[in-house]
Amino acid sequence: MFIADIRKDFYEVVANQRVVLLVAPDIDALCACKILQALFHCDQIQYTLVPVTGWQDLGTAFLEHKEQFRYFVLINCGANVDLLEMLQPDDDSIFFICDTHRPVDVVNVYNDTQIKLLIKQDDDLGVPSYDDIFRDEDEEGEDSGNESDEGSEPSGKRRRFDEVRIKPSRSKREWEARSNIGTLMLPEILNELLNFHLFSCQAAMMFFELAWVLTKDTKDMLWWAIIGLTDQWVHDKITNMKYVTDIATMQRHVSRHNHRNEDEENSLSIDCMRISFEYDLRLTLYQHWSLYESICNSCYTSCSFKLWTLNGQKKLQEFLADMGLPLKQVRQKFNSMDMSIKENLRDVIEESSNKYGMKDIRIQTFGVHFGFKNRFLASDMVHATAALLESAEKDDSETDTFIKALDALSRSNIDRLHSGIELAKKKLIAIQQTVASCICTNLILSQGPFLYCYLMEGTPDVKLFSKPMALTLLCKYLLKAFVLSTRNKRCKLLPLVIAAPKDVEKGTVIVVGIPPESETSDKKNFFGRAFEKAAESTSSRTLHDHFDTSTNNAENRFLDGKLFLKYTEREHCE
Amino acid sequence: MVSFVTARPAPQAAGTVCSAVPVGRKFLNTHTKKQTDMDPSEVEFLAEKEMVKIIPNFSLDKVFLIGGDLGPFNPGLPIDVPVWLALNLKQRQKCRIIPPEWMDVEKLEEMRDLERKEDMFTPVPSPYYMELTKLLLNHASDNIPKADEIRTLVKDIWDTRIAKLRLSADSFISQQEAYAKLDNLTLMEINTIRAFLLDTLNCMYKLRSNVQ
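Chains as they are written, first to last, in UniProt numbering: chain U, 1 to 574; chain R, 1 to 212.
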């Protein structure tokens with residue numbers, strides 16, 4: 001059920017209890033986790049933090065902790081499956097779910113006792129009303145009088161969960177009845193609902209609002225909430241419209257914090273954190289890199305110039321000349337560029353990029369600075385943390401990388417953050433080179449209803465792409481680049497499926513599918529279902545383990561089946 | 001400068017030479033090898049007992065601790081608490097710290113100028129001014145206006161006083177004095193020079209006694 005008052009129904013419930021935090025491996029979840037940890041530290045609430053990378057991990061973690069803990073907080077996982085059925089918890093375990101994945105499973109919505117959703121209800125979730133899916137158990141008492149209904153199948157007949165509490169003897173029967181009901185029995189509404197996968201308002205923002213209601217919100221927490229929002233935008237999970245609306249909300253909080261502290265007489269120490277609204281360039285990491293490198297390795301500019309062609313390189317040189325920036329300056333580290341150039345840089349770049357067809361070179365975002373040296377934009381932090389989270393070090397287990405990425409978010413670990421930025425630079429360079437080589441060697445094949453690309457094992461930096469976030473980023477850049485470089489009009493409207501080797505010894509691959517590139521996309525992703533059906537039909541072993549259903553692990557055989565094509569086509573018919 | 005009484009000890013009485021370590025400490029035998037140094041963190045720990053004013057945002061009845069009572073907390077009403085409690089509450093976002101009266105740019109500027117003019121040590125703003133500045137400015141700098149300037153001023157005062165202390169220690173040793181009296185020194189300043197001074201005096205004593 002949806003929680004109405006987050007302070008009363010969530011925070012005060014866990015206030016004197018021990019809690020388990022199960023956190024998914026994405027940046028928004030990390031930020032939400034940080035905010036929640038800070039709140040727990042203030043009120044000395046004991047908690048255990050368990051990073052979970054997939055459904056199996058979630059199950060194992062739950063089994064390990066269910067004896068000792070009653071309260072579980074799930075961050076960015078768990079809303080889109082029937083959690084009670086998957087985990088089979090005892091009756092007194094309570095789950096608080098704060099998740100950006102949509103659609104929310106209807107069982108989670110209508111369960112009044114064990115599952116509490118920390119999600120705003122006015123989100124247009126499109127959850128069908130209770131009566132459409134469940135039939136009331138009161139009717140059953142009346143129905144027993146009607147002979148015609150006695151022999152009917154238990155299709156669609158479910159009990160209200162809170163009534164199960166009153167009559168405990170029936171609950172077991174109820175479980176069995178439900179487990180017999182296959183997916184085929186579900187009415188049409190639900191079928192439509194479950195077809196797509198979408199992201200919605202971020203978990204970090206939810207917890208920041210909790211902190212705000214408790215008046216314990218600090219600038220650190222606000223910054224983490226901003227990073228959570230920017231993560232959704234960088235990884236292309238939300239529409240532009242939603243991003244701008246959320247930025248406006250954040251801007252209100254930022255001005256509130258800024259007004260609170262600063263006025264002319266009592267100026268704040270330079271070490272205090274200052275968040276400011278910036279209408280800054282869309283060049284990734286440009287303040288920590290040289291301008292030239294940043295232009296070459298940012299998706300937007302690289303695709304607009306088509307930097308994998310010779311023509312593109314020439315256009316870039318023209319662009320720089322047009323702005324009057326000497327090559328020597330542009331190739332230097334940004335901090336060492338001449339002040340005279342840096343002053344009007346944004347306006348100069350905007351003017352010139354309009355001439356070259358890049359209308360959106362500037363984007364609304366936030367920047368932070370504390371101390372004299374440390375200035376970061378929100379997108380810098382997202383890239384650095386993502387690179388740390390998915391770094392392919394041999395010795396680090398996934399928990400280690402999770403903890404390192406979590407550490408990088410606090411202000412006292414600037415070194416970690418800088419190492420994250422270096423890793424992010426390598427990752428971006430790798431992505432650009434892979435994109436360039438894929439386009440130039442025509443590795444993208446059109447398989448009828450979709451485009452398809454397979455990264456061979458020997459491709460340089462392919463180890464970086466065995467992780468879901470990096471692979472998804474590569475997939476999106478590749479699709480953008482492909483759409484701009486192909487002449488085939490039909491191909492421009494196709495979705496892209498990409499596969500990369502995950503574990504060479506076991507012969508598994510990781511597969512990601514993204515919807516077609518369009519200006520007005522609502523970011524709904526149909527591939528979850530498609531992959532499931534294809535896996536059934538090709539009877540290859542797949543592991544739909546990731547919380548994001550558009551990614552899954554499979555063995556090599558999965559990709560060969562022609563049936564795979566057929567099912568993807570069916571799912572994609574719009 | 002140090003004000004001292006010169007009394008040249010007779011060589012035979014060398015065994016009984018002891019130098020008075022200044023204000024607030026008892027006389028120590030310099031030639032006994034004891035651990036006479038305090039860790040700066042211990043001095044900071046002692047400094048945390050000082051009282052500071054806070055404005056809490058919660059309410060709590062009177063708390064009875066071994067060290068004393070801490071009065072009832074009411075949201076919005078200022079109350080005096082020890083620094084250790086103030087910092088803990090601040091980190092848990094349960095209060096706002098009000099800077100002590102002496103932590104003000106103009107007052108500190110006056111003190112700094114006075115310190116530079118005088119030869120003797122001038123009265124300090126607080127017996128733990130250095131530690132309190134560090135603690136409060138590290139944890140609560142958003143509640144203290146003009147924090148950067150205050151940090152610079154306190155550092156200036158500290159530097160001047162340490163310079164004077166070094167000079168007087170130097171003259172004490174070179175002129176082989178037996179007694180020195182220093183007013184207005186704080187524990188932190190004493191602590192910085194204690195180990196060095198006592199070791200030096202031990203060495204000097206050994207050298208003198210071996211010559212004879």
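Calculated from the structure, these hints are not laboratory results. Here the structure is a predicted model, which is why all the values come from computation and not from measurement. There may be inaccurate statements among the hints.
Said to hold, decoys possible - Straight-line Cα separation of at most 27 Å, DSSO-like style, residue types lysine-lysine; simulated pairs:
1. R:Lys62 x U:Lys216
2. U:Lys216 x U:Lys333
3. R:Lys117 x R:Lys181
4. U:Lys373 x R:Lys146
5. R:Lys53 x U:Lys216
6. U:Lys216 x R:Lys134
7. R:Lys94 x U:Lys8
8. U:Lys306 x U:Lys66
9. U:Lys216 x R:Lys146
10. R:Lys94 x U:Lys373
11. U:Lys359 x U:Lys315
12. U:Lys8 x R:Lys181
13. R:Lys155 x U:Lys373
Said to hold, decoys possible - To list a few chain U residues with every Cβ distance to chain R over 12 Å, as calculated:
14. Leu39
15. Val254
16. Leu268
17. Ser269
18. Glu398
19. Lys476
20. Val504
A virtual CB, placed ideally from N, CA and C, is assigned to each residue, including glycine.
Against the structure, the hints come out as follows:
| no. | hint | verdict |
| --- | --- | --- |
| 1 | R:Lys62 x U:Lys216 | holds, 24 Å |
| 2 | U:Lys216 x U:Lys333 | violated, 39 Å |
| 3 | R:Lys117 x R:Lys181 | holds, 20 Å |
| 4 | U:Lys373 x R:Lys146 | holds, 20 Å |
| 5 | R:Lys53 x U:Lys216 | holds, 21 Å |
| 6 | U:Lys216 x R:Lys134 | holds, 25 Å |
| 7 | R:Lys94 x U:Lys8 | holds, 19 Å |
| 8 | U:Lys306 x U:Lys66 | violated, 53 Å |
| 9 | U:Lys216 x R:Lys146 | holds, 24 Å |
| 10 | R:Lys94 x U:Lys373 | violated, 30 Å |
| 11 | U:Lys359 x U:Lys315 | holds, 16 Å |
| 12 | U:Lys8 x R:Lys181 | violated, 63 Å |
| 13 | R:Lys155 x U:Lys373 | holds, 22 Å |
| 14 | Leu39 | violated, 9 Å |
| 15 | Val254 | holds, 16 Å |
| 16 | Leu268 | violated, 6 Å |
| 17 | Ser269 | violated, 4 Å |
| 18 | Glu398 | holds, 31 Å |
| 19 | Lys476 | holds, 40 Å |
| 20 | Val504 | holds, 48 Å |
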